[in-house]
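Engineer: Letter by letter, the chains look like this.
There are 4 protein chains.
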Amino acid sequence: MSSGYFADIKPIRYEGPESDNPLAFRWYDKDRIVLGKRMEDHLRFAVCYWHSFVWTGLDPFGGETFLRPWFTGGNPMELAVRKAEAAFDFLSRLGVPYYCFHDRDVAPEGATPRESLSNFRHMVEHLAAHQQRTGVKLLWGTANLFSHRRYMAGAATNPDPEVFAMAATQVKAAIDATLQLGGENYVLWGGREGYETLLNTDLRQELDQLGRFLNLVVDYKHRIGFTGTILLEPKPREPTKHQYDFDVATVYGFLKRYGLEKEVKVNIEANHATLSGHSFEHEIALAQALGIFGSLDMNRGDPQLGWDTDQFPNNLPETAIALYSVLQGGGFTTGGLNFDAKVRRQSIDPTDLFHGHVGAMDLCARALLVAARMIEDDRLAKAVRERYAGWRTSFGRDALEGRLSLEALSERVLSRNEDVTPVSGRQEALENLVNRYI
Amino acid sequence: MSSGYFADIKPIRYEGPESDNPLAFRWYDKDRIVLGKRMEDHLRFAVCYWHSFVWTGLDPFGGETFLRPWFTGGNPMELAVRKAEAAFDFLSRLGVPYYCFHDRDVAPEGATPRESLSNFRHMVEHLAAHQQRTGVKLLWGTANLFSHRRYMAGAATNPDPEVFAMAATQVKAAIDATLQLGGENYVLWGGREGYETLLNTDLRQELDQLGRFLNLVVDYKHRIGFTGTILLEPKPREPTKHQYDFDVATVYGFLKRYGLEKEVKVNIEANHATLSGHSFEHEIALAQALGIFGSLDMNRGDPQLGWDTDQFPNNLPETAIALYSVLQGGGFTTGGLNFDAKVRRQSIDPTDLFHGHVGAMDLCARALLVAARMIEDDRLAKAVRERYAGWRTSFGRDALEGRLSLEALSERVLSRNEDVTPVSGRQEALENLVNRYI
Amino acid sequence: MSSGYFADIKPIRYEGPESDNPLAFRWYDKDRIVLGKRMEDHLRFAVCYWHSFVWTGLDPFGGETFLRPWFTGGNPMELAVRKAEAAFDFLSRLGVPYYCFHDRDVAPEGATPRESLSNFRHMVEHLAAHQQRTGVKLLWGTANLFSHRRYMAGAATNPDPEVFAMAATQVKAAIDATLQLGGENYVLWGGREGYETLLNTDLRQELDQLGRFLNLVVDYKHRIGFTGTILLEPKPREPTKHQYDFDVATVYGFLKRYGLEKEVKVNIEANHATLSGHSFEHEIALAQALGIFGSLDMNRGDPQLGWDTDQFPNNLPETAIALYSVLQGGGFTTGGLNFDAKVRRQSIDPTDLFHGHVGAMDLCARALLVAARMIEDDRLAKAVRERYAGWRTSFGRDALEGRLSLEALSERVLSRNEDVTPVSGRQEALENLVNRYI
Amino acid sequence: MSSGYFADIKPIRYEGPESDNPLAFRWYDKDRIVLGKRMEDHLRFAVCYWHSFVWTGLDPFGGETFLRPWFTGGNPMELAVRKAEAAFDFLSRLGVPYYCFHDRDVAPEGATPRESLSNFRHMVEHLAAHQQRTGVKLLWGTANLFSHRRYMAGAATNPDPEVFAMAATQVKAAIDATLQLGGENYVLWGGREGYETLLNTDLRQELDQLGRFLNLVVDYKHRIGFTGTILLEPKPREPTKHQYDFDVATVYGFLKRYGLEKEVKVNIEANHATLSGHSFEHEIALAQALGIFGSLDMNRGDPQLGWDTDQFPNNLPETAIALYSVLQGGGFTTGGLNFDAKVRRQSIDPTDLFHGHVGAMDLCARALLVAARMIEDDRLAKAVRERYAGWRTSFGRDALEGRLSLEALSERVLSRNEDVTPVSGRQEALENLVNRYI
Ligand SMILES: [Co+2]
Ligand SMILES: [Co+2]
Ligand SMILES: [Co+2]
Ligand SMILES: [Co+2]
Ligand SMILES: [Co+2]
Ligand SMILES: [Co+2]
Ligand SMILES: [Co+2]
Ligand SMILES: [Co+2]
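Protein chains in written order, with our numbering: chain A, 6 to 443; chain B, 6 to 443; chain C, 6 to 443; chain D, 6 to 443.
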């Protein structure tokens, strides 16, 4: 049942730092214990179905480059079956524990809603069998509510409530499938949940629609006994001019507004973080501070490009800092590290798909080791604790907890009548300290 | 008591569109009735003290250019008195109804907290007298918690609670002054309330500090009977790497988190909006949708520059769209149009200060007339209402108000078993319609 | 021979500013004389074939939205014929004097190079007949060297010289067709002439390839007697990480390096200007200063988006400033105003194509009237002349023309031994002056 | 003669990777031979005078934070003397071979041009003595033509030719001093050589002025026998809206236009590269391809900030790639690695200045070792050579060298009549290969 397409690739193994084999892991030793846990259990890697098995290499200025054998030469359902075989062949050879998919990645849109649903359910059976056979698990499922023209003006936020109902139909089926396949999370990325121009948009109405939709999803999840986490994936814009799930802070406010901050968490993508004007670690740290940290899409952008390039991570210190943030917050529960990444459209060989994933997994594993050293050494965290020591004095606690009014604080200052002495923020020393762990 | 510096400038008058006088208003006819209200009452213009009377022309690469007579030639308090005279001379000649200030703009920092407070209180008496004499009113007061080195690591969010207390001291005095001077709002802009590096920052701790501080401010306001509005001014970054009041959506989430969403509104600056990746009208419309719209800083940025240039507005269609958004939300209550704008550092003549403000006020007045035509004509708003008509059917209302579960929506779609028909978003037609009002 | 698709649209007429007809011109009165020339001859409007007749509405996150009747229901050549009929029907109804096309827009790629050429030549005959019939002329032709996967790593700059030869084949045929159809310019936009990563790129080699290619084009043009202008279209990036024709300044250096600065000019696109970090008027003014100004693509971007949105222009003051720059440089010779613009993918009605173009043409016409007033009034230009008056003194001329050495200048300063007195740059006054012409 | 300010800091020594001393080098072992050359001779580190000894910590939103002892407590010349002592004390303790300065960094502006010159000459004697005493050398000198208000509208590009003469006076003296002090390069960074608005600017005139100025500098250099390199430092904007030396490509075109491409090279700053929309390695590689590579300013920006933060480098893979580019081009001749970097304004302790420089030097040294492995291993370069192998066949050479016309190339393709076969660009594999050297 293995696909010929990847037949030349031997299963990827851990061979250690000295290995000269470009298709071996040098750092990702899945059973190695780090901070008391297996590497695999820390990292919880997932491969995404869409970029690796569905995307043709098309960009806004050019067409297909990849010519995968499952793109042509059969009817849509036959091709979907062939694609699933190739996908699980890839996942097995790579040795990755998880995958993720949208409904439309795995099964073609049908001529009617019922046919679409039937196609999807049929393919979910195939996926179940592949999971069973290979041991690969589902990190999260999701529904594609942005590619079809019916969603061009939004799914949940469409001006037409019939489109809202279409979206509900897809999401219901996708949650059902996620439950059936043992998925550990369910993700919503609202690619069209935003606007192109305010001139034709009722912002408040659309926010209320989105709030309602998400409440319906949460209600449904509980009703059917899905115990995974519901995740929103923030992104500031693209394809829209403005997307309502702009960044972690925006999502938090949205969840609070619609009473969902205890029900829904975020799936943070590195590339979306930087497109929204934040560092990846900022978004992670903020989500943790706000109690809505869920999962990560590890794919990075290009610092000079203004669109979502979804590249595999390749910078060790940046990745280490991101994972240090994750570890500081206690690591993942149901979440994991998904590669919502695509090989460049010039990387047209089957082997390129392996290079992309092997390099990224290996980089993350190495970054985990760096981050673990930061945690164990504790010097970084200690510097922060000491900087805020004043807030743990009785005066600090009184001030923070509201036992001192504005007048009381003012009186304190005026009666002491002297200025405070600033202390160094020590940024360079701390940046140097980070480099000691690299 | 009028300053010699502006003595060559005659009071600015409305002379009508045909006037060839560059220091006359061609559109700002303050008593003209627009949509049932005087222009002056719609626009509620304010001049800021800091950029026009305090800034020396200094930028990160060069020093003073302006050589205002109140910059040198006396002790700090004498200069402050002279500056206030010049400022009110300017405000009177310009014919603007409001001004805004920070505590440190009007009075110098003293050697001790008490001396600083005493300096400030003394100057507030001067301001009161000038207001009385000229009829110019205070739109809002605020405290400068970012220029002094004690605040280099934050004011309310400083790692040292003694700095928090210093900030409380300044803010208390500034609110007292605002109340005394009849100010209609009190603004907080947290120029250092953010971080330079996460490596030395406890994000959650700092957010809690800021939440506490703002709660103290709100409590104090009520206690002393200040009935003006408390406003936060969002800005994404600069001087910090990341500021906690990033944009309107972030501020909303923050207010919800700390129970302040009914107490505090936003002062939206055009330049800060665009630096955060949003259009100005987006921030206005979002604040209205979320119920936290307060006031505006009308100064724009440069679309190619990545820092806060604080330029006077000069683009008619952009300004008209912004004011259309304001009018759609019902206009200002306590807020107004502040020019947090500075003349370019090469604009070193006294007359340049007038050119900047006269041009900006006139542009806003003309934009108000455009926006009023949009409101009266109603074609733009009607296009939006019609686009969402489906949500006012019984099905639409049931869906929006939660009377249809995810399953019920799915059943509806599967039983109808047909796709929806997308309709045109008509963006180009609506953009053309806007240009009919220009 | 007119296409049913646009049959509901009456030919667009000039009806004057008071017209309430959204599909009439209110400002574009083609025979109106402005600065001694017909409006049509000033503006030389062109519609592009690709966005209006070829693009399906696809974006990186979604598929076709437009469902044009010439997209399906025939073999590729039948569809190409049908598309050409629709296109010229549109052009005629719009009343636009020019169009532009890529080879692959008008004729499908064949199974072999010869078949591609034959398809193209066949369709060129159709175009010739349509031009003859309708009077619509060709502003410029070009070849698409970026969509086919053979060009994924570049055309002229491909690591494989056989691809260079393929590109040469297409360009030769496209220049031949441009000559045959009376085209007034030939454009090269190097969508893949750049790199994705320096790791696999020989920058110097690729620049030399591009220099060679452009020299071959220029040689060929002269050999066949094509008297139109060869134009490069700068764009900084997208689809590439870095494109060699980054902006006007970069193109100028490239032309100088390969001896082409007298042979080749630039086609400046507003959206590409802003993506490269410049204002549109900067790129126009710089091209004029360097003697390489050729033609314009009038489509704008969105100031908050980091990719090429190719929107119709809709901001009057911005467009007026751009046209003022054009007029200051003497206007177009062979160039014109092409709309390399696409209606938004939600604008799915045939009428939307008209709204986009009618609004844009009308805006440009109105902006031309504004720019003409600036020229006639001369106050803007006079302010600049006066600012540099010192350079027309004998000292200024000596300094500029090199008759004073560094030592001589230094001696002059030291012997006078006094500082200079800076004068105001008057930016606000000049910005206000601009608004007098709006 | 050593300054008390740094007295607590022991001279920085190489202690090896295992050292736990934050003020020791772990990688920078200056006499270690790498690729046949001493580390110190490869890296040629320089410290800049302005950020480390002149800058007060001021930013656009706040004042001095550093309180260096040489900022107050004496007349300007006394303070200049004290500052020079502190600077050379720092340089000696750090063990850096070079420094760089602007004229106004080392000596105060006087009341007249002659007094300014006299101050400067006096301080140059001090510098000479310090160099003699400590062995620290001058990498480059330069003149500050941007801070004084006389230059607010440009120096060489000022609308007033008297300002041009003032600039010439400063530059002459600064070149004289550079020669006297054995400086190996002379740099021009045109902080005000650009414009704030095109409305008051004659672009062509200003470019001609700048071309003339640079020619005068080159003439003077030859006349006095200065054999160092003249360097321009590109920067796209800030403080201006647009600076004429936007990026390397722009500078190249400028040099070609004014006949200077053999006389002048570039000093590329990492932060300026990224602000202009390029990667640092792009600017290095391009300068090498164009034959104008000179020297580097190693300070980085923040990828989320739109202004020049001038931070010390701290990312190992990024720095390694930059140095790999340098080594590929043959390394430095007269250039070096200057840290035009400033400690953050919160880093107020003397020790922070050491942390910044020690960490940066150590990072660069470690990156040099990485880059040397890339060079020695040759796999990266080999992949590039092989990718372009077709251009070294006889067909490839004929095509590149112009022996095949457009027609000949077209005939070749049409007679073969088959498509080319694209090959993978292998980006992910190459990115992984880079990580093997880290
Ligand atoms: Co993404
Ligand atoms: Co993602
Ligand atoms: Co601002
Ligand atoms: Co403001
Ligand atoms: Co474009
Ligand atoms: Co274009
Ligand atoms: Co810099
Ligand atoms: Co520099």
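Be careful, since some hints might not be right.
Identical chains blur together in the list; that is why a pair holds if it fits in one copy or across any two.
[Stated by the list, open to error] Using 30 Å as the maximum straight-line C-alpha spacing, the simulated BS3-like pairs for lysine-lysine come out as follows:
id : residue 1 : residue 2
1  : K42       : K267
2  : K246      : K42
3  : K261      : K15
4  : K347      : K387
5  : K347      : K246
6  : K246      : K387
7  : K246      : K142
8  : K246      : K261
9  : K347      : K261
10 : K15       : K246
11 : K261      : K42
12 : K246      : K35
13 : K35       : K267
14 : K387      : K15
15 : K261      : K35
16 : K387      : K142
Please keep in mind that the hints were generated in silico from the structure rather than gathered at the bench.
Just so you know, these numbers come straight off a predicted model, no measurement behind them.
Engineer: Hint by hint, note whether the structure agrees.
Structural biologist: Going through the hints against the structure:
| no. | hint | in the structure |
| --- | --- | --- |
| 1 | K42 - K267 | within (27 Å within a copy, 46 Å between copies) |
| 2 | K246 - K42 | neither (43 Å within a copy, 35 Å between copies) |
| 3 | K261 - K15 | neither (49 Å within a copy, 52 Å between copies) |
| 4 | K347 - K387 | between (38 Å within a copy, 25 Å between copies) |
| 5 | K347 - K246 | both (23 Å within a copy, 15 Å between copies) |
| 6 | K246 - K387 | between (42 Å within a copy, 22 Å between copies) |
| 7 | K246 - K142 | neither (35 Å within a copy, 35 Å between copies) |
| 8 | K246 - K261 | both (24 Å within a copy, 26 Å between copies) |
| 9 | K347 - K261 | neither (34 Å within a copy, 38 Å between copies) |
| 10 | K15 - K246 | neither (44 Å within a copy, 33 Å between copies) |
| 11 | K261 - K42 | neither (34 Å within a copy, 37 Å between copies) |
| 12 | K246 - K35 | neither (41 Å within a copy, 35 Å between copies) |
| 13 | K35 - K267 | neither (32 Å within a copy, 51 Å between copies) |
| 14 | K387 - K15 | between (45 Å within a copy, 25 Å between copies) |
| 15 | K261 - K35 | neither (38 Å within a copy, 42 Å between copies) |
| 16 | K387 - K142 | neither (38 Å within a copy, 40 Å between copies) |
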